[in-house]
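Residue numbers (numbering that gives the first Met the number 0), protein chains in the order written: chain A, 0 to 271; chain B, 0 to 263.
Quick caveat, the hints were computed from the structure, so don't treat them as lab data. Remember, it's a predicted structure, so these values are computed and weren't measured experimentally. All C-beta atoms, glycine included, are put in the ideal place defined by N, C-alpha and C. Be a bit skeptical, because a hint or two may be false.
As the list claims (entries may be wrong) - Residues of chain A placed beyond 10 Å of chain B at every Cβ, according to the derived structure:
(1) 0
(2) 28
(3) 50
(4) 57
(5) 63
(6) 92
(7) 111
(8) 173
(9) 188
(10) 215
(11) 229
(12) 234
(13) 247
(14) 253
(15) 265
Stated by the list, open to error - Some chain A residues close to chain B (C-beta under 8 Å, calculated; not the full set):
(16) 167
(17) 169
(18) 174
(19) 184
(20) 264
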Amino acid sequence: MKYEMIKKIVLPFLVFLLILQVWSSIAMSVHNFPTPSDTYVAAFGGVNANGEAMTGVLTDPFYVNNKDDKGIFWQIVESLKRVFAGFVLAILIGVPLGLFVGMSKNAQYALNPFIQIFKPVSPLAWLPLLLFIFQDINLTAISTIFITSIWPIIINTALGVKSVSEDYMNVAKVLRFSPMEKIVQIILPVSVPYIFTGMRLSLGIAWLVIVAAEMLTGGIGIGFWIWDEYNNLNYHNIIIGIIVVGLIGFMLDIIMGKIADYFDYTKKGRAK
Amino acid sequence: MSEKFLSLKNIEKRFPILGKEDYVAVTDVNLEIKQNEIISIIGHSGCGKSTLLNMISGLDAQTSGDILLENRHVKGPGPERAVVFQNHSLLPWLSVYQNIEMAVKKVMPELSSAELRERVEKFVSMVNLEHAKDKLPGEISGGMKQRVGIARALSIKPKVLLMDEPFGALDSLTRANLQEHLMRIQQNVKNTVIIITHDIDEAVLLSDRVIMMTNGPHATIGEILEVNLPRPRNRVELQSNPEYIRCREAILSFLYEKFAKDDE
Ligand SMILES: Nc1ncnc2c1ncn2[C@@H]1O[C@H](COP(=O)(O)OP(=O)(O)OP(=O)(O)O)[C@@H](O)[C@H]1O
Ligand SMILES: [Mg+2]
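Just need the whole structure built from these sequences, with the hints factored in.
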């Protein structure tokens, strides 16, 4: 077991060294590409290769110079706000819609073709249309997230409803449950793990979408920040942005996973 | 005691088959079941036992014929005809206690919370599961689950208890244990019970009458056997009881001589 633990730390570290190696060789062959050490200094502050003293992006994340020039923390907060707004909207509309599609054959026949067609549409395709409708950065970003992250919620919720076994429904029939009682007492408990799987996928998509959406809409947010750093020729900050976006996405997924496990009856009790 | 408690009159069930003639699973079933009687239905696999039980429970509708419970037509499923399913059908996210509570709450909404608790506790202890009442179905054995299923079905005070091979999935020791439970419960509180079984000893041990079904298609009641054994019955002593032996032989001869099935 202890040996396993060591492997879990050492092996990723070796891969990390390999990445640094590849990165360094790219930096050597591409003109002006930031080296790992330049990027480190840009992130955590210090003196860079040209002998300039710098404050790190990550050591001073909270600064506010003016409305358009804020630290990376505020950029992330802005992006997260949009992600959650779109995500919550997708849940509020996606779950009932999924229940409907799962419970009614007619609803399934009616809606399934459109779900299948809209699901694979890239957020970037929606963006111009939504921007044209709303003429507002926030609303455009939120609605793009909503429209691209609602599909996994609908699909997985419907799948959950379908997975309700005939036996449970027979119990409900013998007890003469009303449709609402069937939903609350049988269908929802069975579907919850599926719904959370959908929500987890959906949140992943939302976080992917936000970066792209903000690049195009501008304003404030981590996506726009990365684009802005590109325009300012601060290439090392793009790399910092990528890593930060990755870490936050990873954290969101872990948190969602933990919440999902909490509500998943199949993960309770058995382990005891 | 009303003689006419549950009546089946000219019951027929056809299953439509695409492009072919209907499959007539059971036909011409006529049966009167007395209150507090335990009857078992025995017959070869596929003869239509479940089909018959599902029509009584209302989970499936008969094609023609009438089912009357206390002179009233039975339409659709309802709690006065409780079902113990073969695979227990407990809701896996609810504890033993909550599974029973859910049923009682729904069927007896007038109970105060203290009365509700008392009733649930009573049925938990009826099947000796006090120690496991807070466990989830996934944490208890198959026999215990089936006991919860029985307690849940009885807790809603049904007029008829319908059991479709309730112990079919259990090993023979657990099975015997559950039969004892059922007989003990029946000794204390009388219920009308219809139980489907494959097991000849189980049929004789538990029932007042054994309904023997012919093979399908067009399956119907072949013979009805009265089991004139006093209660309480003791499975060990019964082995040498002439009436027990007579009943066993009657069923054996029905199943393996008169209506033998060679395709199994
Ligand atoms: N929905 C259905 N559609 C068509 N045929 C059916 C349907 N349900 C049952 N049958 C047929 O009706 C017959 C009786 O089935 P049933 O399940 O009642 O048998 P059973 O006596 O309960 O058998 P077992 O002892 O194996 O449980 C079988 O031949 C079966 O194939
Ligand atoms: Mg059957």
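Now the hints, each set against the structure:
{"no.": "1", "hint": "0", "verdict": "holds (27 Å)"}
{"no.": "2", "hint": "28", "verdict": "holds (58 Å)"}
{"no.": "3", "hint": "50", "verdict": "holds (64 Å)"}
{"no.": "4", "hint": "57", "verdict": "holds (43 Å)"}
{"no.": "5", "hint": "63", "verdict": "holds (48 Å)"}
{"no.": "6", "hint": "92", "verdict": "holds (26 Å)"}
{"no.": "7", "hint": "111", "verdict": "holds (24 Å)"}
{"no.": "8", "hint": "173", "verdict": "violated (5 Å)"}
{"no.": "9", "hint": "188", "verdict": "violated (5 Å)"}
{"no.": "10", "hint": "215", "verdict": "holds (44 Å)"}
{"no.": "11", "hint": "229", "verdict": "holds (50 Å)"}
{"no.": "12", "hint": "234", "verdict": "holds (52 Å)"}
{"no.": "13", "hint": "247", "verdict": "holds (32 Å)"}
{"no.": "14", "hint": "253", "verdict": "holds (24 Å)"}
{"no.": "15", "hint": "265", "verdict": "violated (7 Å)"}
{"no.": "16", "hint": "167", "verdict": "holds (6 Å)"}
{"no.": "17", "hint": "169", "verdict": "holds (6 Å)"}
{"no.": "18", "hint": "174", "verdict": "holds (5 Å)"}
{"no.": "19", "hint": "184", "verdict": "holds (7 Å)"}
{"no.": "20", "hint": "264", "verdict": "holds (3 Å)"}
When held up to the earlier numbered hints, the structure conflicts with 8, 9, 15 and fits the remainder.
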